[in-house]
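2 protein chains.
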Amino acid sequence: MADIGFWGLGSMGMGMASSLVRAGHRVAGHDLRGVVLDGGMDVAPVDMDAAVLCVLNAAQTEDVMDEIVPRMKSGAVVVACATVPPDFARAMAARCDGAGLLYLDAPISGGAARAAQGDLAIMASGSPAAFDAAAPVLDACASTVHRMGDAPGLGSAMKATHQIMAGVNIATMAEAMVFGITQGISPERFMEILPSCGGTSWMLENRGPHIRDADYTPHSAVDIWPKDLGIVTDIADASGIELPLVRAALARYREASAAGLGREDDAAIAKIYAKQAGVELP
Amino acid sequence: MADIGFWGLGSMGMGMASSLVRAGHRVAGHDLRGVVLDGGMDVAPVDMDAAVLCVLNAAQTEDVMDEIVPRMKSGAVVVACATVPPDFARAMAARCDGAGLLYLDAPISGGAARAAQGDLAIMASGSPAAFDAAAPVLDACASTVHRMGDAPGLGSAMKATHQIMAGVNIATMAEAMVFGITQGISPERFMEILPSCGGTSWMLENRGPHIRDADYTPHSAVDIWPKDLGIVTDIADASGIELPLVRAALARYREASAAGLGREDDAAIAKIYAKQAGVELP
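In the order they appear, the protein sequences are chains D and L.
Count the first sequence with the working numbering and you get residues 1 to 282, in order.
Count the second sequence with the working numbering and you get residues 1 to 282, in order.
The shape of chain D in the complex, shown without the other chains (with noise of 0.2 Å):
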């Protein structure tokens, strides 16, 4: 059983640090309030085994790593599970190699009912002693942990990966549904058929029910995705990579957002595109 520091109690964070917790080990959780959870870990961060960092983005990832790596002992290891640019992560790993800790890049996808369950996905680089060190987080919260390489950078990079199929189809999934109700296909009709045609996404047969049903409560809400498509575009601005279907929906999440939906689940960009089209939705 491994002592534990956890930062980050979101939804996503609390159902993984109850999820080590019922694993057995000793948790701290913290987030920006304080100490929030007692997960049974009395003793100091400089005993810790591992340090999960669960926070919103890289600049919180960077405030946590000030406060713990002077203070973490040889060979401990931090998990570093926002998504982040993937030169972050390399910055971040170095930092820690400099000072004797480990470094998982280990970014998280599954959601906050997942993440309670132990059954996220997680997409991680690091070298085999992070990947040792960081087991006893990984066999707790994760059913799938993608290995994806030695070097830290890869898990990021595949999340970023990930989240442009996941933004860009839940706004494709919108766009559709609003077109069709301009030409007269409810949106109960579009989710009877679209489900079993060769349009369909995973994100369709999730969050179209959000809108067929007006239930907008935020299982992943809108501001999600300015910063997570935003992480992205910032990749392929400095690489003078062309993403026109991402810059295309990141304009529409944050047209979202300005609109005031940021906190409401992420389907609700389709709102967006209901008022352009002069339409009502449910």
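Do not take every clue at face value.
Pairs count within a copy or across copies, as identical chains cannot be separated in the list.
Stated by the list, open to error - DMTMM-like cross-link-like pairs, simulated, lysine to aspartate or glutamate; straight-line CA separation at most 25 Å:
| id | residue 1 | residue 2 |
| --- | --- | --- |
| 1 | K73 | D132 |
| 2 | K227 | E242 |
| 3 | K275 | D237 |
| 4 | K227 | E255 |
Think of the hints as simulated: they come from the structure by calculation, not from any bench.
Put chain L on the given structure of chain D with help from the hints.
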């Protein structure tokens, strides 16, 4: 058993016409080169029970209509399968109505293999009488008939809506896969991981392997998409609807077509992305 005239013997049409012959109907198959499938219909067009139009587009549909509408017997049905604008379908239905004929707005989906097996999905709208008269065709060619309602145009509207999903999802898959390559994620790894993730789509799972395996045998060609997404944007232009993802994808398909890739499999849109990004595909 019915006497059925069939126009358009491409990869979809030949499969459908063969399914009609296999079901016991008497079929005369035509295309731009004249009669090319002798399915035992030795009667004149004036005696046809049904005419199936599986031609390329609205212009070819209208050409065949010009030829056959004045000569078909009262109560016979025109089954129109090309992807066309809903307004065009409504105009053709009105024309048939004025000539004492029935019209079924009946776009098809499923690909050549399913066409050959009589296993298509048909998104159809028209009067109950038109559905009844078209039953021999629907029964022989389709495993799924989505009845969209009595009004011609709803079948074409559903097809256009579906093509938004299908066409944009192919382009999204290509954009993400090439982005992944630039970040060190191989197409092999991409296809190992993505299908089990929330970012997956039917098109990713179906077309992704074509890129991974460098197999651009045209099961569905690039040139389908400038045509079908062009219909979608024509509808949107007429109604003032913004479709930013469709427009971004359409631009890429047009680039692919202009680059001489029009007759390759539509997964070849990835070649445009790869060239721009300066990476090699398998």
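Status of D132 relative to K73 across identical chains (alpha carbons, at most 25 Å): This pair counts as within: shortest intra-copy Cα distance 16 Å, inter-copy 78 Å.
Same-copy or cross-copy closeness of K227 to E242 [CA-CA at most 25 Å]: both (18 Å within a copy, 24 Å between copies)
K275 and D237: within-copy, between-copy, both or neither at 25 Å Cα: Classified as between: cross-chain Cα gap 16 Å, same-chain 31 Å, threshold 25 Å.
Status of E255 relative to K227 across identical chains (alpha carbons, at most 25 Å): within (13 Å within a copy, 30 Å between copies)
In this structure, every one of the numbered hints holds.
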